[in-house]
Structure formats: structure tokens, C-alpha cells
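For this one, chain A is given, so just place chain B on it according to the hints.
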Amino acid sequence: MDKFTTLHGIAAPLPLINVDTDMIIPKQFLKTIKREGLGVNLFDEMRYDDDGREKPDFVLNRPAYRDAEILIAGENFGCGSSREHAPWAIKDFGIRCIVAPSYADIFFNNCFKNGILPVVLPPEQVDRLMDEAGKGSNARLTVDLENQEITTPSGEKIPFDVDPFRKHCLIEGLDDIGLTLERASAIESFEAEAAQSRPWV
Amino acid sequence: MAGKTLYDKIWDAHLVHEDADGTSLLYIDRHLVHEVTSPQAFEGLRMAGRTVRKPGNTIAVPDHNVPTWEDRAKGIEDEQSRIQVEALDTNARDFGIHYYPVSDVRQGIVHIIGPEQGWTLPGMTVVCGDSHTATHGAFGALAHGIGTSEVEHVLATQTLIQSKSRNMKVEVTGTLPEHVTAKDIVLNIIARTGTAGGTGYVIEYCGEAIRALSMEGRMTICNMAIEGGARAGLIAPDQTTFDYVEGRPHAPKGAQWEAALNWWRTLYSDDDAHWDKVVTLKAEEIEPTVTWGTSPEDALPISASVPDPDDFQGGKRDAAKRALDYMGLTPGTRLADIEIDTVFLGSCTNGRIEDLRAAAAILKGKRIKEGLRAMVVPGSGLVRAQAEEEGLADIFRAAGFEWRMAGCSMCLGMNPDQLAPGERCAATSNRNFEGRQGRGGRTHLMSPAMAAAAAVTGRLTDVRALSEPAPEPA
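Heads up: the protein sequence lines correspond to chains A and B, in order. In terms of the numbering used here, the first sequence opens at residue 1 and continues consecutively. In terms of the numbering used here, the second sequence opens at residue 1 and continues consecutively.
Bound conformation, chain A alone (with noise of 0.2 Å):
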């Protein structure tokens, strides 16, 4: 997995409610057996017309945007299913951060495994730093993990909490499987313990 440690980068505003992952990634785009490319189609019906063109007005579509690497969006960022291929869309777009007040659980874990940080922020915090990133690109933002703080182009600096163990795993870039695997002697003593207890199973 890719590292995560400090990001300085372009803030994208979406300033919207319960952005569900058919919105980030239409069900059409499901049909990959790959992880990458998904990024031309982020908010594909948001972004294009019917004919595939874009629209002028959304946000990624606006020349200060088009490399935006942080977004900022409203609470329950991410609802309703489970496909991964919503934060592969957001990374292959070059989106590695997400401020947002809440998020559905399972797209907020799928962002870990994947490199990103979705970090967590009080509502008024939140609509600070959209108003900042509405300033365009010349109010980047940085998102230092290790210091656990974003810092808007005036100065300030914004603390955020992020689990400890997700943080280190994003940091160091590690693979949860490989981590798991060191524990195998762990998952056999229980398996055999379960064959006696749930032989059912």
C-alpha cells in the first residue's frame, strides 16, 4: 500500500449531504477486474453530460480543481455500498485526503486499505475549510498525518484524531494481510478450539 505521511495539495469543495458511492463511482464502472483507471469516471454523472461531456460547473471540472488532491465534503461522505471501487475512483483521480464531518463505516475503512485519509472534523471546522478551498488554487492545504494537523494557507493549524494503529499502517504503508499472517499460530489455536466448540461450523 501507498505511504500516506504529509500532503500539500489543492482542496476541492463538495459542499453535499450523504454523497453516496453511486455518485462516486456509477455501478457501470464496476464491470473492471482491475484497481486502476476508475479515476476519469469519479462523479461520472455529476461531471458529464449525456453525450460525455463535461460540465463546465462541477467542481473537478473547474481549471482550479483539476488537480485537486483533498476534498472537502459534507457528513456521511460515502454511503450505501461497499464497493472498494469508490476509493480506487478517488485515488486514481489523485485524491489522497477527505475532510468531511462523518462518513459511512464501510467507505471510511476502504479508504485506509487504499492509501487515503478520510479525517473526521466538526461541522463548523469543516465549513472553514470549505470556505477556504473555494478560494481556489491558491489555498492549498497541507495534511500532516504524523502531527496529526492541517495547516490552511493563512497559517492555521487544525488538530484531527485518527485511530492509532490506522495511522501507523498508513504510514508505514502497510499490508494488513502480511500484519494478520504474523498471527497465524493465533487464528489455528482458535480453529482448533472452534472444531470442538462449533463443530457445526
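Read the hints as simulated data drawn from the structure, not as lab findings. The structure displayed is predicted, hence computed values, not measured ones. Incorrect hints may have been included.
Simulated crosslink set (EDC-like; lysine to aspartate or glutamate; CA at most 20 Å straight-line) [claimed, not checked]:
#1 A:Lys55 to A:Glu45
#2 A:Lys55 to A:Asp67
#3 B:Lys369 to B:Asp341
#4 A:Lys34 to A:Asp67
#5 A:Lys34 to B:Asp78
#6 A:Lys167 to B:Asp21
#7 B:Lys54 to A:Glu182
#8 A:Lys167 to B:Glu18
#9 B:Lys164 to B:Asp21
#10 A:Lys157 to A:Glu124
#11 B:Lys164 to A:Glu132
#12 B:Lys321 to A:Asp57
#13 B:Lys321 to B:Asp311
#14 A:Lys34 to B:Asp89
#15 B:Lys164 to A:Glu149
#16 B:Lys164 to B:Asp311
#17 A:Lys3 to A:Glu191
#18 B:Lys74 to B:Asp104
#19 B:Lys54 to A:Glu156
#20 B:Lys169 to B:Asp272
#21 B:Lys164 to A:Asp2
#22 B:Lys169 to B:Glu208
#23 B:Lys321 to A:Glu45
#24 B:Lys164 to B:Asp341
#25 B:Lys54 to A:Glu45
#26 A:Lys34 to B:Glu43
#27 A:Lys34 to B:Asp94
#28 A:Lys167 to B:Asp19
#29 A:Lys55 to B:Asp325
#30 A:Lys34 to B:Asp325
#31 B:Lys54 to A:Glu191
#32 A:Lys3 to A:Glu193
#33 B:Lys54 to A:Glu193
#34 A:Lys34 to A:Asp44
#35 A:Lys34 to B:Glu79
#36 B:Lys364 to B:Asp325
Just chain B, lined up with the frame of chain A:
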């Protein structure tokens, strides 16, 4: 010390390891797999030279992409869909996992065939790369959706890295009025708690109205736990559960059945268990319910009208405006005046035999409104066979419905069954998101009986007004 909830008990029984910070390794009993969220996981295994740790506990079926027309044996036209299904064929064979190919009569929606085949049992942990895995919670199994990275993790290790969720109790007291169903209950719960109300929680549904539900109804409730934000929903197993499970192909038999029953009977929340959140609904107050917007929380009784966005606060006001614009609706319009183009009966929410019976009971001897498109898609090949045996298929056909093969169908529009832009659909599925059933498609969620009523009149309809009045007692 406080007692334990059902969730606590299942969690404890599956804990392999816990770190000081609460990060836990949880053992997974059943892993269900479908074609959309698994190819990258199998590819990851191959690249790392890993195998499936418990192929015998891993069950795969294609459902999202498969066409549901009757002559589908000819194959899948869409190249990408075909490649995805063929990838599952290959992966299932190469890794030696249980497989129900499209040609097998037992094929169907993964969340329907798991319980049907007895793979899903009380007290288990069940995962699948699909958010509606919560369905299996109806059996008192801890079941939730996972992403593809986690699919690979479970394939390789039979465990998941988890942090424990909080406990939420949703109690539905009393008795449901006639023609009010499990779907109406769960839409009302989500309308009350919001689509994020359950985030971070595992919900246990309880109370008299839940206990009175069949397993099919309980699965409908748990299926939509995720639409309320909860990864998992649970219902404590009881005699209804045991009666459903007994005798199914992969259910325990003989002495093992007795041993299993002994443990299953201990799976309930203790009276003194701690709840982080409690929500109570009265069954008597629930009416047949439909959604008007583009989030499952946008649910109202059929007797209500389309709301005004200005009735909402904050971000929800903008969301409601956007939803009404997308749905092509005007505030103040009576829900019962909304005309529809299409009816979709099926999905992992409402594609089981009881759902088909409920719809057929309304449709018997009636025709769908002229010009309407209506399809019924059984959740599995076995549900389809049973419905044919019971004469339900004849009722649907006579009413003007298309009688389809099993699959996810129009619930998510990954296969040929899709809405056209602007097409308005009465659907028994679980999501009314923008574009969910096809780009520009407009979805109103409801129960099978309500969808059948809408099919007859061509508009959203109170099923109570359509069904025959009860005969006067002699």
C-alpha cells in the same frame, strides 16, 4: 458487571486476538463471494502466492451482472459483464470454493441463497463484499459488508481486523396493522434515525412486532440496516429461526443439530445489557410507506404529500431540493397522485417467496395498468421454482408482469435490466440513490404489496384501498 448484548456474545465467541487499543482480529465463519467485488481480491492472492484458507467455508455465486431473461443460457452479451462472471467461474474452480454457476437451479442473489442453502446459521460471523450482507443478521449472525481489500484478507486469513462497534437497540412494540409489512417497518426506522443514524453501531431489532415476523420479513429488516448506516443488524434467533434452518442442505444434522441448538438458545441480549442508543417505534403507528427522494431516509406514509425543502434544516434542505429536482416532483403533490412507468419486484430486500406471495395476493384476478412495464425477479432459482409450483408465476403472468430468472436485476442496473432517464419506478429494492437503477431513473421504494398495488393503478397507491374489504361477519 453488566450483561452482554447478542452482539457482545457473538463478538466474544469469534475473537482471535485483541490489541491494547481495541484493534481486534475476528474469526469469520462464512465468506460469501460474488463477481463484482472479488476479481481484484483473487488477483491479489495469486500475485502474493497465497491460497484460500478455508475454501469449504467460502461460497460464490454470480448475481449482479447476470441477465434475468429466460434464454440467458446463451450467455452474456455485455463483454465486461461476461468477463467478470467468467473470472468468478475461474476463481471458484482454481481456489476450490463452493460455487453456484448461472446454470445451477440454486443460483440466485448471494444474500438469498446463503440462508436458503443453510450456509447462514445463528451465532456465525458472515461477511461478503456487499453492503447488504447485513441480511444474514436475521438469523442472529453477525454479518456485514466488506471492501475488496477485506475480501482478500478474509480469503487469505479467514479473519478480519475490526474495532468493536457500539450497541443500538431498535424496539418495535405492538402489532402491525393489516397490509403493513417488514419493509414499512424498516423504512420508518430509517426515516426516524436517518441514513447515518446507525453509523458506528450494530443494531439489534427486537420487540413484539419483530418477533412476530417470519424469517423472510426479518431478512428484509436486517437487509436495510446499512441504509440506516449500521454495518450490521441482528435479530435474536428463536423457534421461528430454528424451524427455518432445520433440514436445509448445509444446516447441522443429528447430534450436531442438538449441540448447535443448545448454543443458539443462549444467543440473546441479557436483560441488564448496556445499550449505547435505544430507539422505539410503535407498530400500530406504521402505515404503508414509500420514498419520495433520493435517500432511503426520505420515506413517508402513502397518505402524505411531497415535502417542501424549506421544511428541512441545514444541508438537508439543499439535499431535498436536489432530490425533488432529480425526482421531478413538486412540493405538496400527494404521494398517491404520483404516476409511475415501471414496477420492479425483487432484490435481496424483497425477492423471497413470501414477498412474491404478498404481491400475488394483490394481483390475483387483476391486470397491470395499460402501458406499464412490470417485472418480477425471484431472488433465487429455487424461489422461482417454488413460486411456479404455488401458481404465483401464473398470477404474475396473467396480470401482465414479466416472469424473470434469478439475479440482482434492476436493483442496481449492472445488468440489462435498467431504467431509462426520467423513467419512474415503484421498486421493492433498497436504494433510491440518483442513477441507482439506471442513469436518470427515478426510484420509489416500497413493499411488495405496495408495488403490486401501484402496478394495478399506475400510480403510488395505498394497498389498503385496493384490497378487498373483509367480508362482514355472518
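Taking the numbered hints from earlier one at a time, note which ones the structure violates and give those numbers from smallest to largest. 4, 11, 15, 16, 17, 19, 21, 24, 25, 30, 32 and 36
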